[in-house]
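Chemist: Sequence:
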Amino acid sequence: MNQVIFYTRTQCGLCEDAKITLKLLQDELGFEMNEIDIEESDELTERFGLMIPVVELGGEILQYGQIDYFTLSKRLHEKTR
364 MNQVIFYTRT QCGLCEDAKI TLKLLQDELG FEMNEIDIEE SDELTERFGL MIPVVELGGE
424 ILQYGQIDYF TLSKRLHEKT R
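Going from the sequence shown to the working numbering is simple: count from 1 and add 363.
Note that these hints are calculated values from the structure, not bench results.
For glycine and all other residues, C-beta sits at the position ideal for the given N, C-alpha and C.
Worth double-checking, as some hints may not be accurate.
Computed cross-link-like contacts, DSS-like style, restricted to lysine-lysine with a CA-CA straight-line distance of at most 25 Å [stated by the list, open to error]:
| no. | residue 1 | residue 2 |
| --- | --- | --- |
| 1 | Lys382 | Lys437 |
| 2 | Lys386 | Lys442 |
| 3 | Lys382 | Lys442 |
| 4 | Lys437 | Lys386 |
Have a look at the derived ranges for each label pair, beta carbon to beta carbon [claimed, not checked]:
| no. | residue 1 | residue 2 | range |
| --- | --- | --- | --- |
| 5 | Asp405 | Lys437 | 29 to 35 Å |
| 6 | Gly376 | Thr434 | 25 to 31 Å |
| 7 | Gly376 | Glu423 | 32 to 38 Å |
Model the full assembly from the supplied sequences, consistent with the hints where possible.
Modeler: Now the structure itself:
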């Protein structure tokens with residue numbers, strides 16, 4: 364089963380919106396989601412600080428910042444089929 368990594372941080376409105384989008388797509392596509400708070404790691408904060416939220420699958424960033432359902436759905440369908 365595919366595992367989507369969702370990089371997020373606390374008090375992030377874009378992250379909350381992206382999480383709702385991911386939950387909808389998770390129901391549809393059946394992938395596992397691993398949510399990681401970047402504030403728990405200096406390395407992750409440095410890597411993703413200005414990009415949050417970030418959706419990654421298989422080491423590839425599928426979308427970041429403003430996550431939209433249609434773009435992410437298309438990318439996930441390409442990668443999970």
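Chemist: So, for every hint listed, does it hold in this structure?
Modeler: The hints, checked one at a time:
With a CA separation close to 17 Å, the supplied pair Lys382 and Lys437 stays within the 25 Å bound. Note on Lys386 and Lys442: the hinted pairing holds, with a Cα-Cα distance of about 17 Å set against a maximum of 25 Å. As the CA atoms of Lys382 and Lys442 are separated by approximately 19 Å, the hinted pair is consistent with the 25 Å bound. Taken as a hint, the Lys437 and Lys386 pair is honoured in the structure, with Cα atoms around 15 Å apart against an allowance of 25 Å.
The beta-carbon spacing between Asp405 and Lys437, approximately 33 Å, falls within the hinted interval of 29 to 35 Å. About 19 Å separates the C-beta atoms of Gly376 and Thr434, a value inconsistent with the hinted range of 25 to 31 Å. The given range of 32 to 38 Å is broken by Gly376 and Glu423, whose C-beta atoms sit roughly 25 Å from each other.
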